[in-house]
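**Q** Whole structure, please, built from the sequences with the hints as guidance.
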Amino acid sequence: MPETARKNKGNTMKKHYGQYGGQYVAETLVAPLKELEAAYVEAKADPAFQREFGEILREYVGRESPLTYARRLSEHLGGAKILLKREDLNHTGAHKINNTVGQALLARRMGKKRLIAETGAGMHGVATATVAALFGMPCDVYMGAIDVERQSPNVERMKMLGARIHAVSEGSATLKDAMNEALRDWVSNCDDTFYVIGTAAGPAPYPEMVKDFQSVIGAEARRQCLEKFSRLPDEAIACVGGGSNAIGLFAGFMGDKEVKLVGVEAGGKGLESGEHAASINGGRPGVLHGAKTMLLETADGNILDTYSVSAGLDYPGVGPEHCFLHDTGRAEYTVITDDEAIAAFDMLCRFEGIIPALESSHAVAEAIKRAPSLGKDGIILVNLSGRGDKDMQSVTLYKERNSI
Amino acid sequence: MKRCRITEAFRKAKAESRGAFTAYLTMGCPTPEAGEKAVGDVIAAGADIVEIGVPFSDPFADGGVIRSASYEAIRHGMTLEKSLAAAKRLRERHPDTGFVLFSYYNPIFSFGTGRFADAAADAGIDAVLVVDLPLEERGELLQALSPKGIGYIPLIAPNTPLERVKEIGEGLENSFLYVMTVKGTTGERTSLPEDLAARLEEIRSVSHLPVAAGFGISTKAQAEEISRHADGYIVGSALVKKLMRGEKPCLS
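Taken in order, these protein sequences are the chains called A and B. The opening position of the first sequence corresponds to residue 1 in this note's numbering, with each subsequent residue numbered one higher. The opening position of the second sequence corresponds to residue 1 in this note's numbering, with each subsequent residue numbered one higher.
Because the hints were derived from the structure by calculation, they are not lab data. Check the hints yourself; a few may be wrong.
As the list claims (entries may be wrong) - Computed far set for chain A versus chain B, every beta-carbon distance over 12 Å:
1. A45
2. S230
3. L271
To be verified - Label pairs and their calculated CB-CB ranges:
4. R330(A) <-> E173(B): 40 to 46 Å
5. K248(B) <-> S403(A): 56 to 62 Å
6. G270(A) <-> R115(B): 28 to 34 Å
C-beta: ideal position from N, C-alpha, C; glycine also.
**A** Here it is, written out as structure tokens:
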């Protein structure tokens, strides 16, 4: 039996993706992870759970989200039609809420009294604070001190929603350090606390569970595309930090071999500069935060400080399934620099009247690159994972500093 | 024949009717030289086993003291490779002390498990403890360590079921069960849980390996109390804190 099959055998959920994934955690977290897995497997099969999840997505989050044809942008580029899956129109402004609704429902079902979360750009923090308010649970959010600074509107939103914010100033003071601190909280309080991980990374069963909760993106987009254009897209593009919006989009097309799946990593100042957050393109296999994954690390196995203009992509690892999809060739992973992302941000604002999140701007930039070479009959589907209200300050600052 | 210093250390302590004392030190803290010298100090102060701690950039299982020590050590350029080199020098001076290399998994995985096992054997390391490598994931490393006769020290948490404790101990030699006294990160605690004695006895009853308790132990009184119910105790943060203050690393 191949190694992966052997490791996954007897377990109810997928834990390994080729050589990636797993449960590289302290022994204290093994029992809580088993408890989580058992609870989720049961919930997933329970129609009542799925019904409530669907109902909240519909009536609270505002799903389904539209599929918007970016007509002026597409015509300007003179190639393929660019379609935008509008996760930015969800309540709280990003795809993150799909996952936090699912995990909060599960937390309540498991009798957990308190939610904790890590956050980078603050979107997952806001989405967790939101469901905590919705379900009447206390919520603690860990956020790197640098991110607290550059995403201050989201910090205020979380506070208004009743969450306690803990600025983490250790290490690089960004997302990875926030996750370290959230893990420390969880290991100390796992009896009554549910850790809402915001991306398709971390120890099993998180990557698989988060994919399930986000797969509504791909399922809707596939149906909407078929309804409107009577065919599937040629390419489906999403940005990848940890990779939850991308895996949610890809999930809808995994079996459609003719649909090219493209993940876009944060190239920061360029791969060669060393200042980026492109784990798949610039890293090597390693182990961090509970999973084997592609990692940006030093020769000595310490984790590197990453850089991206977008706080939500500023993470040295990536979800294990993305590493596997890269190795098998099912998905392609490219890199978009800060400059390219900012240019795409501007274009979407001016051509479509949509202010995208800086994270999502990376995916838009990749589509802008590709559209001209695909014929007019081509269709490129872009996951517009979030809106850019939170990024006003970052974009203004970036333009000032770079005289754009 | 390769010596089993971990087993020997527990046997010796038992013969002397006391618990075996394991001391954790972060290599490179407060400086590479002072850190290395501190190993000699804790051995002189009675340590039977020394945990040679490898600093890591993201010590997510550690409390404040060992985190600070880790960051400090990295600033001083300490690495896994240099920790092994230090262990090799220390081995020459201390031929009988048990040496446990204590690390997160990524530095070892990044170094290469095979290459690591060779280097650890060459440095005279007796056993390896990896914080984030539970039973389900340890196969890859054990496969490299076993042929070299290097033991593996597993962690047991307060929420580890007894059946699993048995499974965890299975097949391990020249080792002990490292029982964490509390759920949480490393660091001193003013009091230890009330049910700890019962928990230690329960674990002992199902284990062929010696049982030692760690996390939160900082005083001689605590160490003596633990020794009534376990084969040994581990002290880390309390020693590291003293070192960082420029004091001798010993129990008060």
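**Q** At 12 Å, judged by beta carbons, does A45(A) keep clear of chain B as stated?
**A** The claim stands: A45(A) keeps its Cβ more than 12 Å from every Cβ of chain B (closest is about 24 Å).
**Q** Quick one: work out the minimum CB distance from S230(A) to chain B and report holds if it exceeds 12 Å, violated otherwise.
**A** holds, 47 Å
**Q** Does L271(A) clear chain B by more than 12 Å, comparing its Cβ with all Cβ atoms of that chain?
**A** holds, 20 Å
**Q** Evaluate the given range 28 to 34 Å for the C-beta pair formed by G270(A) and R115(B).
**A** Given range 28 to 34 Å: holds, Cβ gap about 32 Å.
**Q** Kindly confirm whether 56 to 62 Å is satisfied by the beta carbon distance between K248(B) and S403(A).
**A** Holds, at about 58 Å.
**Q** Could you tell me whether the CB distance from R330(A) to E173(B) stays inside 40 to 46 Å?
**A** Because 43 Å falls inside the window, the suggested range holds.
In summary, this structure violates none of the numbered hints.
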